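Trainee: Here are the chains, one letter per residue:
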Amino acid sequence: MLEGLLIGLSTAFSISNLLMVIGGCLIGTFIGMLPGLGPMSIIAIMIPVAISIGDPSAAIILLAGVYYGAIFGGSTSSILINAPGVASTVATSFDGYPLTRQGKAGKALTVAAISSFAGGTIGAILLMGFAPALASVALLFHSAEYFALMVVGLSAIAAFAGTGQVSKALLMTVLGLVMATVGEGVLFNMPRFTMGIMDLQSGFGFITLAMAMFALPEALYLVLDPTRSGRSSGQGNEIKDLRITKEEAKSIAPVIGRQSIQGFLIGVLPGAGATIASFLGYAVERNIAPREEQEKFGKGSVKGLAAPESANNAACTGSFVPLLTLGIPGSGTTAILLGALIALNVSPGPRLMVDQPQIFWSVIISMYIGNVVLLILNLPLIPYIAKVLAVPRTFLIPFILFFTLMGAYIGQNNATELLILVGLGVSATILRFGDYPLAPLLIGFILGPMLEDNFSRAMQLYDGIGFIWERPMTLGLLALALALIFLPSYRASRARLKAQGVAEGD
Amino acid sequence: MALDRWIALFILMICIAYGYAAWFTMDELLPPIMRRNPVWPSSFPKILSILGIALSLVVVLGLEKAEQTKAPEINYMRLLDYKIFHAIALLAFMVIYALTLRPAGFLLSTFLFLSVSSLMLGERRYLVVILVSAIAAGSIWYLVEQILGIYLRPFPSFV
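Going down the list, the protein sequences come from chains A and B.
Quick note on the working numbering: the first sequence kicks off at 1 and runs consecutively.
Quick note on the working numbering: the second sequence kicks off at 1001 and runs consecutively.
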């Protein structure tokens, strides 16, 4: 291992590879900040550049740098304008955006930067130490467990929607899953629920839906209620308290530690990835926080911001484990990276560490360098990034709307997509009037194809739904999902009875 | 009945239509060889339709007791007190933008969308509006087309 590490160090610290990391992080941060362009599309665009480099180590170092940068840039736009361009930073906006509305955008960005740095660095250490061992854990999971694991993830998301909101959140999740079944899936090679509309043949676009659920309603709310933008962009953008207090640092340190490890472990599992890691991290931290701090979650809690940020960065690092050791992509992004590696005549798999150790180790070393670059790149840039909010609302609103339009258009290259965007955006605004949470819909939509895929494979393996009771781990996970859904309402009804002066049964 | 329950009623109707399509129309199209599979294209949608109908009924009937509701950010009962016409106009501009993007070209339609929207929202520094819209349209076109390599028709189709 030491020998490999030395090879990795000498490869990663060559001038050209250092430039690759820095360049990749810069490009990724900049484009990731624009709402609508997620890491997948950025990496896809960068692949021709990477392939033209020719050296596989340099190419994957560049692409990995773009990946971290994009995730990082995505959290910036989540915090500042509540427009997560990336699914894994949706949870970041839960507490990041309220902090911005309170005029603490600087603090929020600092917490995000530190959490991302720590999450990525801890993830890289874990990757180095446990890559081979963790890959064998992922091997133990079959499609039945993946299916159950995703059900747990979705239930957890609904469960933390808040008391009295669980059924609404679950309904939104199911609606997202329903929307995911529209179009021609890879599984069955036949169009479903397209209602004869040609443009729905390939289904709804993820970016379009993300824009319609978050950025568009937010822009419309800004239009409807002008005092709102006064609150969010008036004095709020003065980044005077960039620093975080000692107490805040103390309170987020254990959160970062826990969520980096948990996020990494979730990232290792194919199909789970940064999105589930960030939501689960948020849910876990919210549930274990003391009651008075629980109240603050969703209203600008630094813990609620640190949890998803460290988890999603650790999970990004974790998702490299199955890619590098098994050759199995754990997420859409690593699938694109896999394609790039194959184009460069590298076949990732268990033999990679033996045959081409310089590639394996230089990627790991470049992760450390990438994290340092992001921290020293982002912190000094924070005041400039926050200038976005100083733009008057007469310009800010048209530009937000324009970026939602561009995001949807670039994703699908189709003008009809823009009409779908407007239609979905209006629906999302009405749902928001009715106090429906919108994040579960988007997450259901993203996980839908994977959920159905694993469900179908488990059904085929067991010739029916027998996999649910024949595999104890699946049964256990599904029971956990049920507990997650019913526990909050049970606790709420007990609290209500208590408030009414009714004695508890037990 | 509050808005959220009306919405749930609407979603219930969507789920019933979806369920009808999944339970009664999809399987006829299935080739005989695929009928031997334990899982059909309609299997997962069937489960979803049942879940969707059950959950929307829970909301419509108000089975889950809500906590003391907080004041909404926007009170939809007094929608006319807000700048509803600005919002509708902007949505109309977005639709017009979608329809003119191809025929009028990216540069012209983007410039018009940005400048007209700013003016409607009350911006009166005309020179700034023109400059900002023109620079934004030009530089974003350059970024997307030249750096990202995604084709955007810059000029009207007749040029």
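Just so you know, the hints here were simulated from the structure itself, not pulled from any lab data.
As the structure is a computational prediction, the values presented were derived from the model and not from experiment.
We treat Cβ as the ideally placed atom computed from N, Cα and C, and that holds for glycine.
Be aware that a few hints might be false.
Unchecked claim - The calculated label-pair distances, taken between Cβ atoms and stated as ranges, are:
1. A:R291 x B:M1077: 50 to 58 Å
2. A:E293 x B:L1029: 15 to 23 Å
3. B:G1138 x A:G54: 29 to 37 Å
4. B:P1031 x A:F13: 27 to 35 Å
5. B:G1062 x A:R243: 27 to 35 Å
6. B:L1029 x A:D463: 52 to 60 Å
7. B:I1050 x A:D463: 17 to 25 Å
Trainee: None of the hints should be skipped; say for each whether it holds.
Mentor: Tested hints:
A beta carbon spacing of about 33 Å between R291 (chain A) and M1077 (chain B) contradicts the range 50 to 58 Å that was offered as a hint. Range check, E293 (chain A) to L1029 (chain B): Cβ separation about 54 Å, and the 15 to 23 Å hint is violated. With their beta carbons about 34 Å apart, G1138 (chain B) and G54 (chain A) fall inside the hinted range of 29 to 37 Å. P1031 (chain B) and F13 (chain A) have their C-beta atoms about 58 Å apart, which leaves the hinted 27 to 35 Å range violated.
At about 47 Å, the beta-carbon gap between G1062 (chain B) and R243 (chain A) misses the expected band of 27 to 35 Å. With their beta carbons about 23 Å apart, L1029 (chain B) and D463 (chain A) fall outside the hinted range of 52 to 60 Å. A hinted range of 17 to 25 Å for the beta carbons of I1050 (chain B) and D463 (chain A) is consistent with their spacing of about 22 Å.
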